[in-house]
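Asks: Construct the complete structure from the given sequences, taking the supplied hints into account.
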Amino acid sequence: MAEQTNIVREGIDRVSSAFERIPDEVQKVQREIQKRRKTIEKQLAGSRRDLEKRTRDIEKRTRRQVERLRTGFRRLPLTRRVDRLRTDAEKVIERGVDAFLGVLQIASKSDLDRIDRKLGQVSRKLKEIERARGNGHASA
Numbered sequence: 001m002a003e004q005t006n007i008v009r010e011g012i013d014r015v016s017s018a019f020e021r022i023p024d025e026v027q028k029v030q031r032e033i034q035k036r037r038k039t040i041e042k043q044l045a046g047s048r049r050d051l052e053k054r055t056r057d058i059e060k061r062t063r064r065q066v067e068r069l070r071t072g073f074r075r076l077p078l079t080r081r082v083d084r085l086r087t088d089a090e091k092v093i094e095r096g097v098d099a100f101l102g103v104l105q106i107a108s109k110s111d112l113d114r115i116d117r118k119l120g121q122v123s124r125k126l127k128e129i130e131r132a133r134g135n136g137h138a139s140a
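Quick note: the sequence shown uses our numbering, first residue 1, plus one each step.
Since the hints were derived computationally from the structure, they do not count as laboratory data. Heads up, a few of these hints could be off.
As the list claims (entries may be wrong) - Computed beta-carbon distance windows for the label pairs:
{"#": "1", "residue 1": "Val26", "residue 2": "Asp50", "range": "31 to 39 Å"}
{"#": "2", "residue 1": "Lys127", "residue 2": "Leu69", "range": "46 to 54 Å"}
{"#": "3", "residue 1": "Gly96", "residue 2": "Arg56", "range": "46 to 54 Å"}
{"#": "4", "residue 1": "Ile33", "residue 2": "Glu10", "range": "52 to 60 Å"}
Please read all numbers here as calculations on a predicted model, not as lab measurements. For glycine and all other residues, C-beta sits at the position ideal for the given N, C-alpha and C.
Replies: Have a look at this one:
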């Protein structure tokens, strides 16, 4: 019976000892988890910075390539021809619209622009005359 009591006592001592070590083991695990968390956060921050840098680099390269393509297209004879045709078509259409508006006796945009310039000139001349008259009255 004494032997059984010793076995039970040893078991109780082991369990007690294990319970006493639990807080220390939990703290060890917590420290390890925090250490791993910090390492992962650093890796993620570095990955984020790398991703942002790569994105900026890709955007720069894409802009350069697009500009090169635009320049290349502008140099193509076909593109120049299309631009000339567009300009010619605009002139023809504008003349046609002007003629149509003339038939209807409606002022075109170019007519209105010309009238606006002339009105601006007349307005400036009137202001000069008014200033000159104002100075003449003030001295009399």
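Asks: Now look at each hint and say whether the structure bears it out.
Replies: Evaluated hints:
1. Range check, valine 26 to aspartate 50: Cβ separation about 36 Å, and the 31 to 39 Å hint holds.
2. A beta carbon spacing of about 52 Å between lysine 127 and leucine 69 agrees with the range 46 to 54 Å that was offered as a hint.
3. Checking the proposed 46 to 54 Å range against glycine 96 and arginine 56 shows it holds: the Cβ atoms sit about 50 Å from each other.
4. Evaluation of the 52 to 60 Å hint for isoleucine 33 and glutamate 10 yields a failure: the beta carbon distance comes to about 33 Å.
Comparing the model with each numbered hint stated earlier shows that hint 4 is the single one that does not hold.
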